[in-house]
Amino acid sequence: MVGVDYLPLMRLQTYLGALVLAALVPLLVFAAIIVRQDVLERQEILERGMQDTAHALSLAIDGEVRSSLAVLETLAGSSFLDHGDLKSFHEVGTRAVSGRKGSYLVLFDESGQALVNSSRPFGSTLPNPLAGTQPAGSEPRYPDAPLGGADPLLKVLQSGRPVVSDLFVSLATREPRIGVDVPVMREGRLKYVLEMSIDAATFTNLLAGKGMASDSLVAILDRRGVAIVSSDDSAARVGHRLAGEPARQIAASDSGSGRVQPRGVPVHHVFTRSPLTGWTTSLRVTQASMLASQSEALTVLGGGALLALLVGLGAALLIGRRIARPISNLAASASSIAQGEKVEPGPVGVREIEDLRQALAAAGAAGREVTAERERRHIAEEGERRFREIADAAPVLIWMSGTDKLCTWFNKSWLDFVGRPMAQELGNGWADNVHPEDFERCLHTYSCAFDERQPFSMEYRLRRHDGEYRWVRDDGIARADARGKFAGYIGGCVDIDDFKRSEATLKQADRHKDEFVAMLGHELRNPLAAIANAAYVLRTADPDTEHAAKARGVIDRQARHMARLIDDLLDISRLSVGKAELSRKTFELGEALTELVAVWRSAGRLGSHRVELNVEQPAWVYADRTRIEQIVSNLLDNSLKFTPHGESVSVEVRAAPGEAVITVTDAGEGIAPQDISRVFQLFAQGTQGIARSRGGMGIGLALVKRIAEMHGGSVTVESEGVGLGTRVTVRFPSVAKPAQEPAVAALRPESPPRRVLIIEDNDDTRQMLRTALAMNGHEVDEAADGASGLAAAASLRPDVALVDIGLPDIDGYEVARRLRQVAPDGKLVLVAITGYGQPADRDRSRQAGFDAHLTKPIGPEHLREAISLLRAAS
Amino acid sequence: MKKILIAEDNADLAESLKLALETAGYRVEVANNGVDAIATQVSFAADILITDIMMPEQDGFETLNAFRKEFPGTRLVVISGAQRFDPQKYLRAAKLAGADATFRKPFAIEALLEKLREF
Numbered sequence: 001m002v003g004v005d006y007l008p009l010m011r012l013q014t015y016l017g018a019l020v021l022a023a024l025v026p027l028l029v030f031a032a033i034i035v036r037q038d039v040l041e042r043q044e045i046l047e048r049g050m051q052d053t054a055h056a057l058s059l060a061i062d063g064e065v066r067s068s069l070a071v072l073e074t075l076a077g078s079s080f081l082d083h084g085d086l087k088s089f090h091e092v093g094t095r096a097v098s099g100r101k102g103s104y105l106v107l108f109d110e111s112g113q114a115l116v117n118s119s120r121p122f123g124s125t126l127p128n129p130l131a132g133t134q135p136a137g138s139e140p141r142y143p144d145a146p147l148g149g150a151d152p153l154l155k156v157l158q159s160g161r162p163v164v165s166d167l168f169v170s171l172a173t174r175e176p177r178i179g180v181d182v183p184v185m186r187e188g189r190l191k192y193v194l195e196m197s198i199d200a201a202t203f204t205n206l207l208a209g210k211g212m213a214s215d216s217l218v219a220i221l222d223r224r225g226v227a228i229v230s231s232d233d234s235a236a237r238v239g240h241r242l243a244g245e246p247a248r249q250i251a252a253s254d255s256g257s258g259r260v261q262p263r264g265v266p267v268h269h270v271f272t273r274s275p276l277t278g279w280t281t282s283l284r285v286t287q288a289s290m291l292a293s294q295s296e297a298l299t300v301l302g303g304g305a306l307l308a309l310l311v312g313l314g315a316a317l318l319i320g321r322r323i324a325r326p327i328s329n330l331a332a333s334a335s336s337i338a339q340g341e342k343v344e345p346g347p348v349g350v351r352e353i354e355d356l357r358q359a360l361a362a363a364g365a366a367g368r369e370v371t372a373e374r375e376r377r378h379i380a381e382e383g384e385r386r387f388r389e390i391a392d393a394a395p396v397l398i399w400m401s402g403t404d405k406l407c408t409w410f411n412k413s414w415l416d417f418v419g420r421p422m423a424q425e426l427g428n429g430w431a432d433n434v435h436p437e438d439f440e441r442c443l444h445t446y447s448c449a450f451d452e453r454q455p456f457s458m459e460y461r462l463r464r465h466d467g468e469y470r471w472v473r474d475d476g477i478a479r480a481d482a483r484g485k486f487a488g489y490i491g492g493c494v495d496i497d498d499f500k501r502s503e504a505t506l507k508q509a510d511r512h513k514d515e516f517v518a519m520l521g522h523e524l525r526n527p528l529a530a531i532a533n534a535a536y537v538l539r540t541a542d543p544d545t546e547h548a549a550k551a552r553g554v555i556d557r558q559a560r561h562m563a564r565l566i567d568d569l570l571d572i573s574r575l576s577v578g579k580a581e582l583s584r585k586t587f588e589l590g591e592a593l594t595e596l597v598a599v600w601r602s603a604g605r606l607g608s609h610r611v612e613l614n615v616e617q618p619a620w621v622y623a624d625r626t627r628i629e630q631i632v633s634n635l636l637d638n639s640l641k642f643t644p645h646g647e648s649v650s651v652e653v654r655a656a657p658g659e660a661v662i663t664v665t666d667a668g669e670g671i672a673p674q675d676i677s678r679v680f681q682l683f684a685q686g687t688q689g690i691a692r693s694r695g696g697m698g699i700g701l702a703l704v705k706r707i708a709e710m711h712g713g714s715v716t717v718e719s720e721g722v723g724l725g726t727r728v729t730v731r732f733p734s735v736a737k738p739a740q741e742p743a744v745a746a747l748r749p750e751s752p753p754r755r756v757l758i759i760e761d762n763d764d765t766r767q768m769l770r771t772a773l774a775m776n777g778h779e780v781d782e783a784a785d786g787a788s789g790l791a792a793a794a795s796l797r798p799d800v801a802l803v804d805i806g807l808p809d810i811d812g813y814e815v816a817r818r819l820r821q822v823a824p825d826g827k828l829v830l831v832a833i834t835g836y837g838q839p840a841d842r843d844r845s846r847q848a849g850f851d852a853h854l855t856k857p858i859g860p861e862h863l864r865e866a867i868s869l870l871r872a873a874s
Numbered sequence: 875m876k877k878i879l880i881a882e883d884n885a886d887l888a889e890s891l892k893l894a895l896e897t898a899g900y901r902v903e904v905a906n907n908g909v910d911a912i913a914t915q916v917s918f919a920a921d922i923l924i925t926d927i928m929m930p931e932q933d934g935f936e937t938l939n940a941f942r943k944e945f946p947g948t949r950l951v952v953i954s955g956a957q958r959f960d961p962q963k964y965l966r967a968a969k970l971a972g973a974d975a976t977f978r979k980p981f982a983i984e985a986l987l988e989k990l991r992e993f
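If you read the sequences in order, they're chains A and B. This note's numbering applies: residue 1 is where the first sequence begins, and numbers increase by one. This note's numbering applies: residue 875 is where the second sequence begins, and numbers increase by one.
By construction, these hints were calculated from the structure, which means they are not laboratory data. Do not take every clue at face value.
If the Cβ cut is set under 10 angstroms, some of the chain A residues that face chain B in the computed set are [claimed, not checked]: (1) Thr-371; (2) Arg-525; (3) Leu-528.
In this text, a Cβ means the ideal position worked out from N, Cα and C, and glycines have one as well.
All chains should be modelled from the sequences, with the hints used to inform the complete structure.
Here it is, written out as structure tokens:
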């Protein structure tokens, strides 16, 4: 490519135009030369033709003159002239020239006297041209020709030789004429002169039929240069002397050719002088007419050349454009390619350019590929860098391996987790942290998935920096490099140890719940079945029989049992969601438990068991007494349930430093060591077997623990094993003995008998309350609805009224308000009985005038509370 | 007067059933578990055994099998509230074990009495 730099920058069309010119110009020049040659040749031929014509004319005139001379010579030899028989000679002479129009014969004697004239009859008087003087002037039509033809006669007389005259104007006819005179010699001396007078027009006829070009000018000039004959009326008229350049040429030479330019018009001039007559034949052709044929050729040539040039240049332009456009496109494409754009130029009509296009396209594609590759690499590197940044910050343990399965990278979280540097983890180093029991399995999972390029997920224990093995879940997946080629694996681990633990706990809780539901069914079905049976007995047997009494006992016990089950359930539900409230007051545990055991004993709930209560020291607590009693009831219930009849159960109360301690000990079935840790779990029970089912729903101990904790206390369970009994110890924070015993603490199991009115529409509840109160010696009256209750109150004046809130006619609140109106002095104690126990419900009943609020079902504890109110009222 | 032996560990349930059956005119004895039931049957020779499934000492299936072997003439009735996940399972199992009738607790006593009359 070196060496082209200096070339001027020109358009392709220009080059092609130059190419066309380079090809055409020499051709045209050559053609022009040929044409010029042709023109010259034609000119030469034309000239030669003109010269030939001139010669031919000259010869024709000579022929005419010779012919006349021959006639004259013949006549001159006539015998008639030997002896002067002029008359006969006239006849002969007249016959001789009869064929020659405009010519006649004249015979002169040696003095110049005309003797015979063939144009005149014989004997006519004829003039003597030599006599007298030469007439002066001239005929105006023929200014340069002399009047009268005496000159030749004179010459012949002087020279004795034939003479051809120049043009003269006949005196007789005043027309131009030529005279040819010959001497008639007799006996060695001139006797006569015979003259043939010829009309000049005769020669005009000679010009006709010579093939002259129409624009050729022909003139026959006499020796003086006066035109005898002329086709040129302007320059050389008959009788006029030829002037100018042609005349000079003719004067200078006998024959020749030349160019003259009369009146600015180029004219070719050819002339020749006859030796016989001395006349000159002059032929003139204008240059233009001479070149007329050539100019046609030249026009054809020039037009053709111009046309060829135009066509050539046009074609060059078109072809140039055809070539230039794809090249321009390619240039544009190349620019685009340079900018990294993908360009597909369309096919072009030029093989070289097509090749170039394909080469460019290929180069462009290659260029793009290179660029794309560079970009990919850049993106990949950038992506890698950012990935690692993000990965390092992620709370997930991330690893990467190469195609050889060996690990190539770990993120910061991993390294922090295992507490080892990257170098130790690389390759197979990481395996050191995997629990030995899990290692084989992990390796197998990883290897199998890796070989199949499949994602995998596995769980294993990974040793943390503190040495603890933590369960992690590791999810791995094949990764690809920037080109999409398999590059190894990448995986992330999440510490699921806590999750696994809570999962196990949840599963266990779920299992307990299922067991509980099963047990709940059993526990509820048994009392229901018993109650249903008893109800049948009561329906069919006489109420006064022992059977009926027993049946009522069954119902009483089972209803209570069910109520307690439901209480416990609701309680544990409330406690579980933290809704339960504690109603705390300060009391002494020993006394409270003494009372509780007494109630149980009196209610027959201790059965045939021996229950010993041992209060070592008074232990004061600030607690919800009902809840504390619930704890002890539960523990007692459990011990009784799992202890064989006749065996003893002991309840002990003692005061430790800062603590009040209750211990319930039985000699029952005990608890297997593996079950000890589960006994406090909700719904849990000892290992189950059909034969070992004892009822009880696994609520008890959970409830106990919860309540103890709510009081800031704790519960522990001990057992030597199955069949070896159980000891449950509950501890509460103790308080100092109050200075003055609260009134509540002074209550006695027995209270003075009072008149009590029960207003309750539910027969069973009413009956139960009545029985319970009557058992304590109170006088009890009943009403089944609000109206009769108010009436009873008005007539009976009770100390206490237990009023159900949900009465059929007037609701309990209204009953309370009316009762307060009847007995406004406050002596009447009003107790609400309701299924609703929320604080809002309590507030509402207080506002209605109630002194206390009992929630159904009403157990012994509640009744005792009601009874204590009776006492307070007194 | 037909004699019925009740094997049931829930005292109140056994008691109430005894009362109901006596009211209906049967002679009834109660055993607290399967072992007691077999011992009682030796002397009592009940025509019908009504037994629970879930009992201590010896469960209902064992009791059923023992009765079928030792006292082939005795009609066998199973009552159960057993419901460890599938309440009907024990009753179906009891049928297969040779029970003449099964009742799920709580049951209508009339239905039981009607069944007993068929025996």
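So, going through the hints one by one against the coordinates:
1. Thr-371: 70 angstroms, violated
2. Arg-525: Check passed: Cβ of Arg-525/A comes within 3 angstroms of chain B, closer than 10 angstroms.
3. Leu-528: 4 angstroms, holds
When held up to the earlier numbered hints, the structure conflicts with hint 1 and nothing else.
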